[in-house]
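Enquirer: Here is what each chain is made of, one letter per residue.
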Amino acid sequence: MSTDTLDTLGPEGLPHMDNPSLPYLRGERIPHIWCPGCGIGTTVNCFTRALGEAVSDLDKVAIVSGIGCTGRVAGYMNLDSFHTTHGRAIPFAAGLKLARPEMKVVVYSGDGDLFAIGGNHFVHAARRNMDLMVVCVNNFTYGMTGGQLAPTTPEGASQTTMPFGNFEKPMSLPFLADAAGASFVARWTVFHVRQLTRTLREALGKQGFRFIEILAPCPTLFLRRNRLGDGVDMVRVYKERSKIRDGADTKDVDLGMDGDIIVGKFVDRERPTWLQSMNAHYQQVFGERYRPWGGVREQD
Amino acid sequence: MSKTEIRIGGLGGQGVILSGMILGRAASIHDGRHATLIQAFGPEARGSACSAQVTVSDVPIGYPYVRQPGILIVMSRDAYTQFVPQIHPEGILLYEQDLVQPENLPAGVRAFGIPATRMAEQLGRRLVLNIIMVGFCTGVTQVVSEASARQAVIDSVPRGTQKLNLDAFQAGFEFGRNLVVAPSPVAP
Amino acid sequence: MTADPLGVLTGVHFIDGDHAACEGALAAGCRFVAGYPITPSTEIVERFASRIPLVGGVFIQMEDELAASIAVQGAIWGGQKSMTVTSGPGLSLMMEHIGLAAFTEVPLVIIDVQRGGPSTGLPTLPAQADMMQVKWGSHGDYEIIALCPSSPQECFDLTVRAFNLAEQWRTPVFVMMDEVVGHMTERVQIPAPEAIEVVERRWTGLKPGDYRPFQPAEDLVPDMVRVGDGYRIHVTGLTHDERGYPAMNPAAQDKLVRRLATKIRDAGDALVDVREEACEDADVIVVSYGITSRVAQAAVEQARAQGVRVGHARLVIAWPFPSQRMAELAARTKAFVVPELNLGQMSREVERAVAGRVPVRLIDHAGGTVHEPDRILAGILEAAR
Numbered sequence: 001m002s003t004d005t006l007d008t009l010g011p012e013g014l015p016h017m018d019n020p021s022l023p024y025l026r027g028e029r030i031p032h033i034w035c036p037g038c039g040i041g042t043t044v045n046c047f048t049r050a051l052g053e054a055v056s057d058l059d060k061v062a063i064v065s066g067i068g069c070t071g072r073v074a075g076y077m078n079l080d081s082f083h084t085t086h087g088r089a090i091p092f093a094a095g096l097k098l099a100r101p102e103m104k105v106v107v108y109s110g111d112g113d114l115f116a117i118g119g120n121h122f123v124h125a126a127r128r129n130m131d132l133m134v135v136c137v138n139n140f141t142y143g144m145t146g147g148q149l150a151p152t153t154p155e156g157a158s159q160t161t162m163p164f165g166n167f168e169k170p171m172s173l174p175f176l177a178d179a180a181g182a183s184f185v186a187r188w189t190v191f192h193v194r195q196l197t198r199t200l201r202e203a204l205g206k207q208g209f210r211f212i213e214i215l216a217p218c219p220t221l222f223l224r225r226n227r228l229g230d231g232v233d234m235v236r237v238y239k240e241r242s243k244i245r246d247g248a249d250t251k252d253v254d255l256g257m258d259g260d261i262i263v264g265k266f267v268d269r270e271r272p273t274w275l276q277s278m279n280a281h282y283q284q285v286f287g288e289r290y291r292p293w294g295g296v297r298e299q300d
Numbered sequence: 001m002s003k004t005e006i007r008i009g010g011l012g013g014q015g016v017i018l019s020g021m022i023l024g025r026a027a028s029i030h031d032g033r034h035a036t037l038i039q040a041f042g043p044e045a046r047g048s049a050c051s052a053q054v055t056v057s058d059v060p061i062g063y064p065y066v067r068q069p070g071i072l073i074v075m076s077r078d079a080y081t082q083f084v085p086q087i088h089p090e091g092i093l094l095y096e097q098d099l100v101q102p103e104n105l106p107a108g109v110r111a112f113g114i115p116a117t118r119m120a121e122q123l124g125r126r127l128v129l130n131i132i133m134v135g136f137c138t139g140v141t142q143v144v145s146e147a148s149a150r151q152a153v154i155d156s157v158p159r160g161t162q163k164l165n166l167d168a169f170q171a172g173f174e175f176g177r178n179l180v181v182a183p184s185p186v187a188p
Numbered sequence: 001m002t003a004d005p006l007g008v009l010t011g012v013h014f015i016d017g018d019h020a021a022c023e024g025a026l027a028a029g030c031r032f033v034a035g036y037p038i039t040p041s042t043e044i045v046e047r048f049a050s051r052i053p054l055v056g057g058v059f060i061q062m063e064d065e066l067a068a069s070i071a072v073q074g075a076i077w078g079g080q081k082s083m084t085v086t087s088g089p090g091l092s093l094m095m096e097h098i099g100l101a102a103f104t105e106v107p108l109v110i111i112d113v114q115r116g117g118p119s120t121g122l123p124t125l126p127a128q129a130d131m132m133q134v135k136w137g138s139h140g141d142y143e144i145i146a147l148c149p150s151s152p153q154e155c156f157d158l159t160v161r162a163f164n165l166a167e168q169w170r171t172p173v174f175v176m177m178d179e180v181v182g183h184m185t186e187r188v189q190i191p192a193p194e195a196i197e198v199v200e201r202r203w204t205g206l207k208p209g210d211y212r213p214f215q216p217a218e219d220l221v222p223d224m225v226r227v228g229d230g231y232r233i234h235v236t237g238l239t240h241d242e243r244g245y246p247a248m249n250p251a252a253q254d255k256l257v258r259r260l261a262t263k264i265r266d267a268g269d270a271l272v273d274v275r276e277e278a279c280e281d282a283d284v285i286v287v288s289y290g291i292t293s294r295v296a297q298a299a300v301e302q303a304r305a306q307g308v309r310v311g312h313a314r315l316v317i318a319w320p321f322p323s324q325r326m327a328e329l330a331a332r333t334k335a336f337v338v339p340e341l342n343l344g345q346m347s348r349e350v351e352r353a354v355a356g357r358v359p360v361r362l363i364d365h366a367g368g369t370v371h372e373p374d375r376i377l378a379g380i381l382e383a384a385r
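Residue numbers (this note's numbering), protein chains in the order written: chain H, 1 to 300; chain G, 1 to 188; chain L, 1 to 385.
The following block holds chain H by itself, in its conformation from the complex:
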């Protein structure tokens, strides 16, 4: 199924004008760079649908990516879009959000970018409840650089820099997000397009640090190297191994080469955002002398 998900190309290599995602994409930048069978396009499809349902004014949405295959998402979206440096999408997005609080700011990047080189920023943005929606496409590997070990690579999996099988313990992204203080944490796979779209839509309507992990196949590097078939085979595996458990304790959602894949909405809690906290605190300290920053978010 993943091969047809970003089906924007017609027989002449021109965009299908009736593709519902197209208004959300920069048509002149298609074709995209992703491999056949890659799951990133599916996630973008779901994201554009969620945008269409959740947001009326796309001028008020900005998307920020880091570096890597998923890091290219920002460049294809017909939004104010920023393709930043490796690992630093979150602090860029935080600055953008604080400077222009009426914007909805979405960070869209990969597991290596957000959790290896950018891990510290993720932890602190979650701790601060920065008003950002962070979408992580987790393909368990570094795709752009050729299939190296990621902090999410399951134990036992082979990677070019772990050629005899991974002996490191991977990081459980929802558990980290939960522990760091994120106000919304969910996980789906690219098999769960409907649930994923619904969750993205729900998260777009919320405030605070929202984290959505999406498991996606990297057929070229992760699947082939580990003899796991192609993208379609992996989607079948997601279907078979997934267990939907909303509200699951995030310490129980580890991933391995086999075993259950726990998906669902794990965390949904109210916490004031960083900016709300700052405004409330200084209002208390300085009273009427304080000059509040940003004010209330515009209603969509």
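If you are wondering where the hints come from, they were derived from the structure by calculation, not from laboratory data. One or more hints might be untrue.
[Said to hold, decoys possible] Straight line, CA to CA, 20 Å or less: simulated SDA-like cross-link-like pairs of lysine to any residue:
(1) L:Lys207 <-> H:Asp57
(2) H:Lys251 <-> H:Ala179
(3) L:Lys207 <-> H:Leu58
(4) G:Lys3 <-> L:Lys207
(5) G:Lys3 <-> L:Glu301
Starting from the known structure of chain H, fit chains G and L onto it as the hints suggest.
Expert: Chains G and L only, in chain H's frame:
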């Protein structure tokens, strides 16, 4: 004199930096001269020893460090030991006489002591020791004018403590004036 | 236009260079600072954090300098004037984002309060050893602007100017302070708001659809928009075309990199600020910048008292380096003396500019304090022989 170097030394918490700030502010803002203040940073500033360097001049100041203080103000034994070798051969030493016992001073140095801690306690706040020393320095050396120093004290201390600090300044100032109008400086 | 009165602390103050630089940023209209504490720069962000609630704006202490130096770029695209503040080790961490700002033409201001290095070095003591790093530290070819204050007053004045230059040229602008200037307290006069010139962002007059984010104007600098205003811009650190889209080919690379370099290198007098004193008929010219200028001035005056004809050329703008002006001075003097708190950085630029016409004598110093004026005097006297 066109340029005076002042070194102030003491312990953390004695208000060494603030006293340098007041002298510098008095000279540069209220006397219309030039002044620089350099304070010790790092562990030195956070631990026990503390010092400030003030240069006062009629012309813009290039080199901002104090090398040979014409005025050395010490509020601790350690500061005296550390800085007295630097003092100008004809410099003026101002010291807290209950905390510092000057010895082996170069012949040309004039030394003036003040029981500033006791005086501060009599005023009710030991914290104003540094302001007494500023008053004392002003009274003895006139490196800044009395009016400017008083204004700088007002500018520099927390609101609500201005009267107390001006009293402290006045006590130090008068103590100093009385010493210098006396026929000869008190021998250390 | 002139400064927003809300940020301007008009009056005469006895404050240190760090505090003065913060006031300069506020006067220039900076309303967003992201920082990370590092001696001897921290007082700048501490003051900003306590001033901003009543001025209106944001200070955020980020998790590291990488975060600080890119959060400010997000804020700038969000429409704010913004800066970050650091010292040598932090500047090292910011290098990738300095390249990003240069490449994506972000009007970013960074204050670097220099301390002794390399590595942790001398956190509380001065140096001027980041001068080459600030120019060349990020990978690739790019140009920046660097200003060198030599007093707390100039920390104010040049920070205002840094913001103005950043907006005008859309390249990272650095205020290259040092520990002495940063921590030295002196009289600082802050003018009335109407007497402070503030350069606004180069907002485009074009409508969405007509606007191209990296289409340069006549001075090779493109006009800007902010997010949320309907332009739907794309900004990437990849080599890009005028639409902002990645363009992975040698022609696009040549066009972009060359324009970014040329817009600064060909700015001419607009980016030359050398304060010259008695250079017209000098046998020796001292070239200095930052705190060293003050110390050198003492030596220059002593040399004159001994009958030497000495000129003093102070680099207020160190980058772009005033090569042409140095070459002109080389034609009418017999020697240059360059004192600096490093083992030879800007002295090499002077050498490059004078191209062997006259000798260039470096008076170096590994940092930790300033020169003894006598050392500079000795250098002048030897050069004059």
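Enquirer: Going through the numbered hints above, which ones does this structure break? Give me the numbers in ascending order.
Expert: As far as the earlier hints go, only 4 is violated by this structure.
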